[in-house]
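Asker: By full-length UniProt numbering, the letter at position 4 of the sequence shown is numbered 4, and the numbering carries on one by one without gaps.
Each hint should be verified, as a subset may be incorrect.
[What the hints assert, rightly or not] Okay, derived cross-link-like pairs now, DSS-like style, lysine-lysine, Cα gap no bigger than 25 Å in a straight line: (1) K23 with K51; (2) K9 with K65; (3) K65 with K23; (4) K16 with K51; (5) K51 with K65; (6) K22 with K51; (7) K65 with K16; (8) K22 with K65; (9) K23 with K9; (10) K9 with K22.
Simulated from the structure, these hints should not be mistaken for lab results.
Values in this document were obtained by computation on a predicted structure and should not be read as measured data.
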Amino acid sequence: MAGAIFIEKSAEVMEKTFTILKKELNTEEYLIYLQVITPRLGDATRELREKTAGFSLQEVFDGAKSVKREVSGAR
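Input sequences plus hints: build the corresponding full structure.
Answerer: Structure (structure tokens):
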């Protein structure tokens with residue numbers, strides 16, 4: 001049960017983080033932030049730019065929320 005609580009709290013913290021980032025950072029700054037927190041396997045910056053090319057910060061945020069729902073099983 002403690003693991004489920006940790007995952008739920010982690011999701012809340014991540015949602016707050018994305019809300020703050022959305023308000024405070026432009027797209028380039030957001031990508032830099034993601035580069036800093038992403039493990040260094042290959043060229044993460046290039047891969048992230050390719051994967052998010054053409055997306056607004058809001059679309060990236062919405063996509064992250066969608067992934068969170070899929071992982072947690074929330075609807």
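Asker: All hints are to be evaluated individually against the structure, with a verdict given for each.
Answerer: Now the hints, each set against the structure:
For the proposed pair K23 and K51, the alpha carbon gap of about 22 Å is at most 25 Å, so the pair holds. Between K9 and K65 the alpha-carbon distance is near 14 Å, which keeps this suggested pair within the 25 Å criterion. About 16 Å separates the Cα atoms of K65 and K23, which keeps this hinted pair within 25 Å; it holds. Between K16 and K51, the direct Cα distance comes to roughly 23 Å. Compliance with the 25 Å bound is thereby established for this hinted pair.
Among the hinted pairs, K51 with K65 is consistent with the structure: their alpha-carbon atoms are about 16 Å apart, no more than 25 Å. Note on K22 and K51: the hinted pairing holds, with a Cα-Cα distance of about 18 Å set against a maximum of 25 Å. For the given pair, K65 sits about 11 Å from K16 by alpha-carbon distance, which is consistent with the 25 Å threshold. The straight-line distance between the Cα atoms of K22 and K65 is roughly 13 Å, inside the 25 Å bound, and the hint therefore holds.
Simply put, K23 and K9 have alpha-carbon atoms about 21 Å apart, close enough for the 25 Å limit, and the pair holds. Restraint check for K9 and K22: the C-alpha separation of about 20 Å stays at or below 25 Å, so the hint holds.
In this structure, none of the earlier numbered hints is contradicted; all agree with it.
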